[in-house]
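S.K.: All chains should be modelled from the sequences, with the hints used to inform the complete structure.
If you're matching them up, the sequences are chains S and U in order.
All residue numbers for the first sequence refer to my numbering, where the first residue is 1 and numbers rise by one.
All residue numbers for the second sequence refer to my numbering, where the first residue is 1001 and numbers rise by one.
Because the hints were derived from the structure by calculation, they are not lab data.
No residue lacks a Cβ here, since even glycine has one placed at the ideal position from N, Cα and C.
Treat each hint with caution, since some may be false.
If we take Cβ atoms under 10 Å as the criterion, some of the chain U residues that face chain S in the derived model are [to be verified]:
id : residue
1  : ASN1030
2  : LEU1153
3  : GLY1159
4  : ASN1161
5  : GLY1190
6  : LEU1241
7  : GLY1253
8  : ARG1260
9  : GLY1274
10 : ILE1277
Chain S is faced by these chain U residues, among others (derived, beta-carbon under 7 Å) [claimed, not checked]:
id : residue
11 : ILE1142
12 : ALA1144
13 : ALA1236
14 : VAL1270
Which bits of chain S does chain U cover? Going by a derived footprint, with three or more residues having C-beta under 8 Å, they are [what the hints assert, rightly or not]:
id : segment
15 : 22-28
16 : 137-144
17 : 150-163
18 : 276-288
19 : 295-308
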Amino acid sequence: MLAFFAKRLALTLPTFLALMFVTFFAIRLVPGDPVEVRVGERGISPERLAQFRHELGLDQPVWKQFLDYVGGILHGDFGTSVVTNEKVLTEFLTLFPATLELGLCAMIFAIIVGVFFGVIAAVNRGSFFDHTLMGLSVAGFSMPIFWWGLLLIMLVAGQWGLTPVSGRIDLIRFYFEPVTGFMLIDSWLSGQKGAFSSALSHLILPTIVLGTVPLATIARMTRSSMLEVLSEDYVRTARAKGLGTLRVIGLHALRNALIPVVTIVGIQIGTIMAGAVLTETIFSWPGVGKWLIEAIGRRDYPALQGGILLISGLVIFVNLLVDLLYGLINPRIRHGN
Amino acid sequence: MVTEATIAEAKPVSTAPSPLSEFWGSFRENPGAVAGLIILTIIALLAIFADLIAPYSPYEQYRDAVKLPPAFVEGGRAAFLLGTDALGRDTLSRIIHGARISLFIGLTVVTVSIVVGVVLGLMAAFYRGIADVLIMRTMDLIIAVPGLVTAILIVAVLGPNLTNTIVAVTVVYLPRYVRLVRASALGELGKDYVIAAQVSGVGKLRLMFVTVLPNCLAPLIVQAALGVSEAILEAAALGFLGLGAQPPTPEWGSMLADAREFIRSNPWIVTLPGLAILVTVISINLMGDGLRDALDPKLRRS
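M.R.: Rendered as structure tokens:
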């Protein structure tokens, strides 16, 4: 087990290092001088410019800059935004809970609905419901989610007026200091009347939009793995013993059918993170995805560099965790190559 | 029932059914795949003959007909079948020309991915050692980062335009092809026919591209079909974020971005380009599923 952990870690560390290398040099390829961007259009004296360069370490050789950069990261310094003058890590950590809340809700939504529909489709294989559902899953899988979001805003928020259009909570009516960063929990803790339901209603559409692609994938996966399990001997045995259908499917079959689904859930984390960029942009959700896109618009390259590194690092880290967990659950993975 | 007479009458079949007819017979059984193929053919024809079919130029602005709804809705004009956008450009013409751009992106991305993927994948499989490690670790790095984030980084560095969109999306999807080619090539390498070829003195390049490669093609074709739809989606997402094709190019994603501000007042401008993306991607995916079932029975879904 320890060897398995060590091996996975050994594979991940070079990836992190390469990631730092790529983001560092990619950003240096951007045309335009970072100092001049910071100085603005008015310009300053050459002496001041040289001083600026020195402060930012830009007069050093590139390899030295890279080593300093890596050293900084190891000390938790991901650079400073040239627009807000705020530490990139601080900005990221302030915004990240919003992304995490949205991502978690989308994943929970996708798992519950996806598994539920996948099981029903498998049990009623070949039925009208099964065909409809598989057709819908192709559509969900093919969905341009940025358009899906606009469509839902148009219908649910605009036409029917059921949910708000953007943001995390009604900022005019409610204000409270963030405690956990999760709006659902914070609004609950604030004790203000209606705050929780406001936060919840803001979350519904983004959750659906972000959860759509994983939902389609999970439903498909659950269906096919359930079909496989349903033809196993032990399911027949359970039926022969006279157990009720619900018990056979829910307890005996589903437990084993879910094993491959767990892997899919792990793989979907990257999809969720990429989808968050689009979803947050559509719903003005103040998370790291929207922040990243805005950093490009403002030519805030330190923020872009740090943001990409942090987001990617996080996805790699979570994937590593999923891998390790999977090894823990499934001995075949642990002892395989 | 089979009688002796019928056995006697049966002529010996000397040739197996050609791979193509066998493939078609299997593909035809899947109604979704056939539907996908038909729709995709129509879209492809629209894209190829866009100049002839589109009623107007995608760039021409009709100032007297701004933000019109489609002709079949109240307030629409028969002259503009699917209405016009905020600058008075004909939506139908822009969508038809957009099909050209999207299919071009999809096909270019997949073609480049296959060519580069085959070369890198075969190199990794044949030369092993340091080449293998370098290639595969690079691919692992690309896979580890969420696709859209990689694409955003590339476009942010190179600048937002159509060419760089293609570059970015190609980089994002390249690892799949490399991995696929490498894995299937490694699977073939130990087989007798490869060893026989090696023993008979076939050169390394010939062995790679003539002997082994044809046997790795089936999964590659399936991946390529699905890859077109993914490339179209990814490129449209970049366009929507303002990081892809720039206005006034009639790219579906950037058309949606332009239309965003009219989401309340003119829902049609927002609805139609997205519908075009969805229909195209669905038809490619349906067709890809059929291809997979027909080409690779091992992968057949239950």
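S.K.: Taking the hints in turn, state whether each one holds.
M.R.: Evaluation of the provided hints:
1. The criterion of a C-beta within 10 Å of any C-beta in chain S is not met by ASN1030 of chain U, whose closest approach is roughly 12 Å, and the hint is violated.
2. Because the closest C-beta pair between LEU1153 of chain U and chain S is about 5 Å apart, less than 10 Å, the hint holds.
3. Given the 10 Å rule on beta carbons, the hint for GLY1159 of chain U holds: about 8 Å separates it from the nearest Cβ of chain S.
4. With its C-beta approaching chain S no nearer than about 14 Å, ASN1161 of chain U sits outside the 10 Å limit, and its interface hint is violated.
5. With its C-beta approaching chain S no nearer than about 16 Å, GLY1190 of chain U sits outside the 10 Å limit, and its interface hint is violated.
6. Interface hint status for LEU1241 of chain U: upheld, as the beta-carbon distance to the closest one in chain S is roughly 6 Å, under 10 Å.
7. Among the interface hints, the one on GLY1253 of chain U holds; its C-beta lies about 8 Å from the nearest C-beta in chain S, closer than the 10 Å criterion.
8. Interface restraint check: ARG1260 of chain U against chain S, minimum CB-CB distance 7 Å, threshold 10 Å, status holds.
9. Checking GLY1274 of chain U against chain S: minimum C-beta separation of about 3 Å stays under 10 Å; hint holds.
10. Residue-level restraint check for ILE1277 of chain U holds (minimum Cβ-Cβ distance to chain S is 5 Å; threshold 10 Å).
11. Because the closest C-beta pair between ILE1142 of chain U and chain S is about 9 Å apart, greater than 7 Å, the hint is violated.
12. Below 7 Å, beta-carbon pairs count as interface contacts, and ALA1144 of chain U has one with chain S at about 5 Å; its hint therefore holds.
13. About 6 Å separates the beta-carbon of ALA1236 of chain U from the nearest beta-carbon of chain S, less than 7 Å, and the hint is met.
14. Interface hint status for VAL1270 of chain U: upheld, as the beta-carbon distance to the closest one in chain S is roughly 5 Å, under 7 Å.
15. Only residues whose beta carbon comes within less than 8 Å of a beta carbon in chain U count, and the segment 22-28 of chain S has 4; three or more means the coverage holds.
16. Three residues within the 8 Å Cβ limit are the bar, and the segment 137-144 of chain S against chain U gives 6, so the coverage statement holds.
17. Using a Cβ-Cβ cut-off of 8 Å, 5 residues of the segment 150-163 of chain S lie near chain U, which meets the minimum of three, so the contact claim holds.
18. Three residues within the 8 Å Cβ limit are the bar, and the segment 276-288 of chain S against chain U gives 3, so the coverage statement holds.
19. Given as covered by chain U, the segment 295-308 of chain S passes the check, having 4 residues with a CB less than 8 Å from a CB of that chain where 3 are the minimum.
The structure fails to meet hints 1, 4, 5, 11 from the earlier list, while all remaining hints are met.
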